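Keeping the supplied structure of chain A fixed, place chains B and C upon it in accordance with the hints.
Chains as they are written, first to last, in our numbering: chain A, -18 to 598; chain B, -7 to 229; chain C, 24 to 178.
Derived by calculation from the structure, the hints in this document are not laboratory data. Predicted, not measured: the structure shown is a model, and the values here were computed from it. Careful, some of the hints might be misleading.
DSBU-like cross-link-like pairs, simulated, lysine-lysine; straight-line CA separation at most 35 Å [said to hold, decoys possible]:
1) A:Lys420 x B:Lys75
2) A:Lys579 x C:Lys170
3) A:Lys579 x B:Lys109
These are the residues of each chain, in order.
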Amino acid sequence: MKSINTPQELEKIRKEIVGGRDPEKPCIAITSGTSARAYGSEKVIDTLRAALKKQGLTEKIDIRITGGQGFDEREPLLIVYPQDILYQQVKPKDISEIVSETLLGNRIIDRLLYKDPQTGEKIVNKDDIPFYKAQTPYIFGNNSKIDPTSIEDYFTIGGYSTLAKVLTEFSPEQVIDIIKKSDLRGRGGGGFPTGMKWESCRNAPGNKHYVICNADEGDPGAYMDRGLLEGNPHSILEGMMIGAYAIGSDEGYVYVRYEYPLASENVEKAIGQLRDCGLLGENILGTAFNFDIKVSRGGGAFICGESTALMASLEGKVGEPRAKHIHTVESGLWDQPTDLNNVETWANVPLIINKGVDWYTSIGTEGSKGTKIFSLVGKVKNTGLVEVPMGMTIKEIVYDIGGGIAGNGTLKAVQTGGPSGGAIPASLIDMPVDYDKLKEVGSMMGSGGMIVMDDKTCMVDIARYFMNFLKDESCGKCTTCREGTRRMYEVLDAITQGEGKDGDIELLEELSWIVAEGSLCALGQTAPNPVLSTIRYFRDEYEAHIKEKRCPAGVCKALITYSIDEENCTGCGACKKVCPVEAITGEKKELHTIDPDKCIRCGACIAACNFDAVKVA
Amino acid sequence: MIKFTIDGVEVEAEEGQYVLQVALDNGFDIPHLCYHEALEPYGACRLCQVEITNGNRTRLTTSCNYPALEGIDVQTSTEKVIKARKMVIELLLARSPNVSIIKELAEEYSVGTPRFKLGDDDCILCGLCERVCREIVGVEAISFLGRGSDRKVGPPLGINPQTCIGCGACAYVCPTDCIKVEENENERTIVRWERTLPMKKCKVCGRSFAPWFQLDYFGKITEGIPKDFWDKCPDCR
Amino acid sequence: MNQKGIDKILEKHGYEDSSIIAILQDLQEEDNYLSENDLVYISENLPIPLARVYRIATFYNAFSLTPRGKYPISVCLGTACHVRGAPMVLDRLRLELGIDVGGVTEDGLFSLETVNCLGACAMGPIVVVGKDYHGQMTPAKVGSALKKYRKTSKE
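So here's chain A without its partners, still in its complex pose (with noise of 0.2 Å):
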């Protein structure tokens, strides 16, 4: 790639490629993010690549890998061009039977499209299937138009021309002022006025600014960002260098999580793709604006989500806060003025401005603008990256897109907001995603988290999940948050270990006001609340283990028992030969026995058994 000095320039290599480029010929996309390449993406890749080959048909068919497209349940997705044809969970067997029936044949492949499980029905086109029917990805869309490797692609769907508009046409304080009416609010979780940030720490004396892109994904059960970083890392940087020119900003971080390798590959490539063709240095698109990005990983600290303990650890620290009355954009990285924003956040700033404020403000509710991106999994139908306009109920999400509850239990519970969040019940899903109306139920918006859980979650569990969890991440300084995390763990555990007293719910209570009032930094303001929530709106789950020493989801080894029913065992041994502490007899054809005293509890024999013989009581 030569070098792009102007926005002319720009606007010419952009016109070369798209000229050079026939729309009209066949191109297959292949998803190969992390979810499909553990689903053997790579083999499928490599196999279509020979199958092209051997048939002299590496010239006339393209092959764009893209990154993830949202409904990762179903990957790795392979979708025929020009024809716009969906073929789900494709393996590298499937291949020369696309290569022959649908390439070279025309004729689709009934077997390998997706079948709505309401009608029966097979659907062609990707649009028409439900889980992307209700969605709005104006952001996330982009993944499947593109490989995220390939700085040209990015320029085909008009990359970085929104940068040289804005470098040309706007001055930053014109930008600033475009993100503020935009009501755009950080989507890492706070929700802060993205706009008011960048106004405090555009005027925050000092002469070195920094922008930095929260990449620390942290949220057990939230990979937004993942899936933008790996799928359109051109976009999260684009908007940085929007933001950095706005707040006077010359050096930006990319600080990404450790566990993320792809995305973090993925950016820096983008990164060596800018400065090769002069779009990071210096005088970019021949203006004064000097910028440069760099990336750092993380290493494996749930609290450097936090955007203090990021900044030290950015400082080759540990990621301990430091207290808030120190503003970070007035005084951030090296003592510096520093923006830092979350992933998502940055990909709607190109977004905003190319589209304008009023059609972004059309979307989402009077708090809420603009859509976001949720990891609908757990215990849903379709599980995957889902992009919906602010103000879309929980319902719709999940039984619209997300195909309701997977396997027969009942929809119990979705939490949300990670382990600052809360659980909404059942009762309360027809509300909207919205970041005031969240927090009002005791959760929050959170990153996108969205955890859906059916009538076998046992909610003390999840509660006891969430601050073991705690405890283990906190960093340690507050007497509260460590000392208190730890508590609130043991008593939950107590409880579930059919040790809980009368008093606990208090206790615990107590506790998630200490931790909450005495930490701090969020981790420890917020820890209570997947506990408070859950007492809130399960108090009798907690009831029935402290008082009847039962669990009602059946969750709760201490407490549960597996049993072999009569009428449905049909003796075949399956569940005899899995369990690895031999507590099942019997003999063949004959009904077997669970051995109480020896059972573990380990779900190997369910998992074994095909006649649904084994309950759990």
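Just chains B and C, lined up with the frame of chain A:
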């Protein structure tokens, strides 16, 4: 001078001072364990929390690292403050039930037997030892290790920190007295770190006065001091 | 790692104190763990107090101060995986391997760790063995999943 109020009383502070120091100077007895006026405030123990009103916002916050600002109002004994203090004491007492200063605080604030399983670690992770070693002595021989409920303070390899000069500053600042120093004619041991160093004897009076390693270190970091200065104990110099 | 190798890493990061995390990551990437000797060498040559090196190395989960197995096993305990039964998978692995979290099997083949969300929630519960992701893991599938590695090792 910065003027603000503590419990309704007007006090004065200099630029750069923190609320806790000003409060202590003015006779307000705010309990604290991880604060020492010679070291950077850390805000770990959370005992010094008070309610501070700045503008139209009131919040419960640590006073050791809150800057003295014009016009703020500090309340040291509101219901909220006392409730928070009691719970912090209870948590500390549960962790370190044998530490006298914590037992005294528990008595003062009527905190009874903790409602949690008692631990037996006398260290409350206040960090004063590692801070004095790093900030004042400049050796940084010990540090915090691990995180969360597994956090502790100590030498990098578990025992015998190789750069420790045996000055005992850590023992001096420790609020719970869990760092003991033992000495005989020939050696000094910082017991908690299992660090033993041979002592140098004064050329004049013959008593052991400091570890060789320590005097070596001081010699390296100072200038213009004649070598034989380190051969005599402070009394004989 | 030999000293030359460490010198290369230190050079790559310009002998900067503030790059200590990245330095340790590069070392961990090569050797799969951080040995005492290597950390002492870094302390002496960066230079940086050894206490600070260990502070960093023990704070961040990415670092292991003990050798890991030939095939490190990582069980994802993210919320989505938890809800789908990850704890039972972990228990089964403990049983099969005879070690607890943080341990290494006697033959040095496997070590067991947990991770708080890999971001591959759609295929949960997930277990990573070496560099391979195994999705939709159940207690029943654990044995056969490990077989492949035991076999490969024997060859």
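These are the hints, each one checked on the structure:
Of the supplied pair hints, the one linking Lys420 (chain A) and Lys75 (chain B) holds, its CA atoms being roughly 26 Å apart against a limit of 35 Å. For the hint linking Lys579 (chain A) to Lys170 (chain C), the alpha-carbon distance of about 26 Å falls within 35 Å, and the restraint holds. This hinted pair checks out: Lys579 (chain A) and Lys109 (chain B) have alpha carbons roughly 30 Å apart, not beyond 35 Å.
In terms of the numbered hints stated before, the structure departs from none.
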